[in-house]
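Enquirer: Keeping their order, the protein sequence lines are chains D and P. The first sequence begins at 1 in full-length UniProt numbering and counts up by one. The second sequence begins at 1 in full-length UniProt numbering and counts up by one.
It is possible that some hints are incorrect.
To be verified - Derived DSBU-like pairs: lysine-lysine, alpha-carbon spacing no greater than 30 angstroms straight-line:
#, chain 1, residue 1, chain 2, residue 2
1, D, K646, D, K590
2, P, K295, D, K586
3, D, K306, D, K251
4, D, K580, P, K130
5, D, K635, D, K580
6, D, K634, P, K295
To be verified - Per label pair, the in silico range of CB-to-CB distance:
#, chain 1, residue 1, chain 2, residue 2, range
7, P, I222, D, K102, 47 to 57 angstroms
8, P, G258, D, K590, 26 to 36 angstroms
9, D, I154, P, P154, 20 to 30 angstroms
To be verified - According to the in silico footprint, chain D covers these stretches of chain P (three or more CB under 8 angstroms from chain D):
#, segment
10, 51–61
11, 287–298
Read the hints as simulated data drawn from the structure, not as lab findings. Cβ coordinates follow ideal geometry from the N, Cα and C atoms, glycine included.
In case you want the letters, here they are:
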Amino acid sequence: MDILKNEKVINYSLSFIYACLIVFFVSHLPLVFVGVLTLICAWNFYITLSNKPKPNAWLANILAGVSLGLMLYTVGMSDTVILFVAMLLLASLFKLLQAKTKKHYHVITTLTFFSLSSVYLFNQSILTTLTVSSLYILNFAVLGLLESKHNLKIASKQSGKLLLLALPLAIFLLLFLPKMPAFWQLPGPKLAKTGLSEQVDPFDIAKLSNSDELVFRAKFNEEKPVAPYYWRAIVHDEFNGNAWLTSDFLKYNNVKTNTQSENDEQLIASYSVITEPAIQKWLYGLAYSSSNSPNVEGNSLGLLRKKSRQAKSLQYDVNSFNFTTLPLGEFEEKRYKYLAYKKNVKTSLLAKNLKQNTHSDRDFYNSLLQYFAGTGFTYTLTPTPMSGDNTIDQFLFENQRGFCGHYASAAAYIFRTAGIPARLVSGYLGGELNQDNNTLTVRQYDAHAWVEVYLQNEGWVIFDATAVVAPERLNGSLSQNEELNDEFKSNLDFGLVSLSNFPAINWLRLELENLDYQWSSWVLGFDEEKQNDFLKSIFGSKNIWLVPLMVLLTAGFCFIGYFIYLNLPKRPAKLAPMVKEFYEVKAWAKKQKINIPDNLTPSQQLDFFADQLPRSAQSINTFRQLFNQVRYGKKPFTKERKTQAKDLIKLIKISK
Amino acid sequence: MHSTVTAIIEDLSSVIFGKQQQIKLALTCLFSEGHLLIEDLPGMGKTTLSHALSAVLGLSYQRIQFTSDLLPADILGTNVFNSTEHSFTFHKGPIFSQVVLADEINRAGPKTQSALLEAMEEQQVTVDGKKYTLPNPFFVIATQNPLYQSGTYPLPESQLDRFLMRISLGFPPKEAEKRLILNMQKRDYSQLPKRINQQELAAIQTQISQITLSSPVIDYIIELVNYTRTSNAFASSLSPRASMALAKAARSWAFIDGRDFVMPEDVQAVFASVCQHRLGLHNESGEAQVNDILKNVLVPV
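Given only the sequences and the hints, what does the whole structure look like? Please build it.
Expert: See below:
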C-alpha cells in the first residue's frame, strides 16, 4: 500500500477546490442540493482537521444513494447538462470522502479537471478563466504531491510554471490550429439569467433590475448615433388582459420582405455586438437592424435572431436603418389595432376623450405624452402589485406608480383603443459607454419596455412614457441616474456596480469591463472566420496545404519546444550578496591592466588592488571591510549597504 | 576580552622573542580546547613557551620528561599501600595538572605514549579499574625531536591526529637572539602577571564557539580538504576530524585577531599547523607541500 505523505494537505486542497466549485454553481443548482454538496465538503474538511477516520463504505454508500435520489428529485432530468455537472460534483465529493490510497486520489484529481472545466459551460469571462486557472494550478500541484515529498508551495510553483510553459503553446494552437466544427454539441444549459421574457408582465422586469449581469456589448464602428439607444429584442403584439405576448403569427410569419429599404441614406449606425451566452434566440439591435453575419438572421420587424439555439457568446455585425414610412398593409394595420380584452373601462374612456380632443395621430401621441407627464405618475422599481382583469385601470387611476412595463402596457393599450397601430417592444435602454474604446456595455438592469406607434407618413415611432415620467432614465444606464440611484442600488446585489459612487472603483470597474471585452472579442470570439482572416493576413490567400502544414507545424512546435526545454543550459545560481559587486571591482581592476595573483583570498585581492591603485586605495579598503562584513560576518545586505557598495564602486572607478 | 588576549600575547612575547606567530598559534590551540605538539630541536624554547603559557593563564603546570624507560604509572600515578590505614591510596601522577608539558614524547615507548594519549582523549585516567577525572581545562603540550634523531619511537598517525595542531618554533631571528643573549639570566615565569582566571578562559571559549562561520568559508575548508583527498601527493588525506579542527582553529584565530567572523585568511593561517601532521608530512619539504595546497586551491568568493 502506498503511503501518502501529504494526505492532509491533499485533502485540504481538494476540499478547497470543491468549495470554490460549489460557490460557483450556487446560482445554477437547486439550493437543497448545494446544501448537500456543502455538507459533504465540510465533513471532509472536518475529518481532515480533527484526524478522524474516513467513514466506512456502508455509511458512504447509503449516503451516496440518498444524495443521488435527492439530486434526481431537486435537479430533475430536464436539463441534462446541469444534471451531468451535479453528478460529477457529487461523485467526486463522495470519492474524496472515501479516498484512502494514492490511486483514489489520482481518480479524484482527474475528475476534478472535468469538474473545473464544466465551469466553462456556464461562464467564460476572463475573471472566471483566471479563477479556474488558479484552481487548475492547485489541482496540478495536488497531482504532483501524490508523487513527490515536496510541500504544497513547491508543488504549486512547479505546476504554475508548467501552466506558464504551456501558455505559448496554447496561444499558438489558438492562432494556428485549424478550427474544426464540433462533432456534437451539448445543448446549452437553460440559464436563469435571462434578460427578457416572451411576455411582458410588468412584474417580471422588476426582478431584472436586481441583476448587474452583463447582457451584451456593442462597439460602434464610426460615429455613435444619437442617444437614447433603444436596443430592440422582442416585439409583443398581443394583449391577453394582463400581459403582452408575441403572437404565433409574428413568430412564424415574419420572413424578411423587401418593403424595408436598406439604403445608405437611412443608415443610422453600424456596429458590432458581442453577446453573453444565453439560450434565447433573440439578439439586439437599434431601430430596424439587419446583419450579414453568418449565424444571425433578420426578420421583417427589423429584429435579429440566432440561427441556432446555442448558448455560447456570439459576435455579429449590425447595420441599423430608420423605419420605412410606407403605409402598413391592411392586415398588419388590423393586427396592431386589435385588442382582445377590453376590461379596462376607465382607460378606454380616457383614450376616447383624448381622441376627441385631437386632430391627428401625431396630436394624440403628444397629448398622451403630456398626460403621462402631468398627472402625478412616478417611476419606481418597487411598484405595488396589482391583480384582477383591469390592472391598467388600477395602474393609471389608483396607484400611478410603476416602471417601464407598466407605462408601456398602458400606453399600448390606449393607442390601440384609440385605433392607432401600436406594439410593445422589449429590450434594453442605454448602456454604459466607455469613451476610450467606444464600447457600450449593457447589463440586465438596463432592461426596458416601450411602445412603437405607427403614425401616418412617419412610420413606426417610439413612444416611451417612462421617458416623460422619469426623464433621467433616458440619459444613460440606471447606474448613472442620480435620483434613482439609491433605490437602484438598494435593489442591487452587492457588486462593483453598487459601489460606483467611488470614482476609483468605478474606474476599476470600467477597466475590468474593457479587459473582459477584449477577452471576449479576441479569445472567445476567435472563430473559424477570424482565424481564416488572420491566416490570410499572414500567408496571403488560403491554400489547400495550409491546414496540414499548420498541423505539422503545431506538432513540430511541441517537439522542438520540448527539445529546447530539455537542453536549455541551467541558469547560474543566484549570486550571494556582495559577490556581484566584488566581481565588478575585479573586472574593473583587470581593465586597469592589473594582474591579480590567482591564489589570493578576496580581501587579499582587494588589498592588492589598493596597493596598485593608491588613488582609490581608501575606497577599496572601505569596500573590503564592507565585503568582509557582509560576506563573512553575515551582516544583512540591507538597502543602505547596497547603496554604499554601489557608491564605493563608483568612487573606485572615478578616482582612477 | 580582546584586550586581555593582546596583553597575553605581549606578555608571552616578552619571554619568547620574535615568535609572535607561534605564540598566537599556541593560544589558538588552547582556546580551541585542543592539544599542541611542538616539534623542534632541543633548546629552541619549547619549555619556555609552555611554562610561560601556563603562568600567564594562571593554570597549574607539570612537566614530564619522557625517557625510554618511563612507564605509564610514572605519568598517571599509582596506588600506594598506606600501612597506618591498611588501605591503598592513590598517588596522583604528574598528569593531574591543567597544563602538562610532555617533553620529548617520542623518546618513550609506545605503551607510555598510549597512556598519555588516552588521557588526552578521555580527559580521565583509569588506575586499577578506578576512574580519576583530570582537571579542567586540560591542555597537553608535547614536544618531539625531529625523527631522524636516534632513540626515538615515532608517534603513529592515529595518535598524531589527537593533537589539534603541530607547530615548530624554528630559529629565532638575529635581533631576537641578540636580546636572548643579553638577558641570559635565569627567568622566573611566576613573575609574569596572571592575566585571566579559569572562568574567563571558559567565557572566551564560549565566545569563540559563537563566532560566525559563513558558508563561503566552510566551502573553502571543504575545498581544501577535498584537494588532499583527490590528489595523489599525500600519504594520508584529511579526515572529517581535520576539517572540524580547521573550523575550530580558524574561529579561535579570528577571535585572537579581534573579529567576530571567520575569513578565509584565518583558515590559511592555521592550515599548516592543523593539517601538516595529519597528512603524514614531517620535514621541511612537507611545509612546501602544505603551502602548495593553499596555492592550488582557489578561495571561493
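Enquirer: Hint by hint, note whether the structure agrees.
Expert: Verification of the hints:
1. Restraint check for K646 (chain D) and K590 (chain D): satisfied, since their Cα atoms lie roughly 18 angstroms apart, inside the 30 angstroms limit.
2. Distance restraint check for K295 (chain P) and K586 (chain D): the Cα-Cα separation of roughly 19 angstroms lies within the 30 angstroms cut-off, and the hinted pair is therefore satisfied.
3. Distance hint between K306 (chain D) and K251 (chain D) is fulfilled; the C-alpha atoms sit about 14 angstroms from each other, no more than 30 angstroms.
4. For a cut-off of 30 angstroms, the pair hint linking K580 (chain D) to K130 (chain P) is broken: about 61 angstroms separates their Cα positions.
5. In summary, the hint linking K635 (chain D) to K580 (chain D) is supported, as the alpha carbons are separated by about 16 angstroms, within the 30 angstroms threshold.
6. At roughly 26 angstroms between alpha-carbon atoms, K634 (chain D) and K295 (chain P) fall within 30 angstroms of each other, so this suggested pair holds.
7. The beta-carbon spacing between I222 (chain P) and K102 (chain D), approximately 39 angstroms, falls outside the hinted interval of 47 to 57 angstroms.
8. One distance hint, 26 to 36 angstroms for the beta-carbon pair G258 (chain P) and K590 (chain D), holds here, with the actual separation near 32 angstroms.
9. The hinted window of 20 to 30 angstroms between I154 (chain D) and P154 (chain P) is violated, with their beta carbons roughly 55 angstroms apart.
10. Look at the segment 51–61 of chain P against chain D: 0 of its residues bring a Cβ nearer than 8 angstroms to a Cβ of that chain, fewer than three, so the hint is violated.
11. Coverage of the segment 287–298 of chain P by chain D holds. Counting CB-CB distances below 8 angstroms, 5 residues qualify, and the rule asks for three or more.
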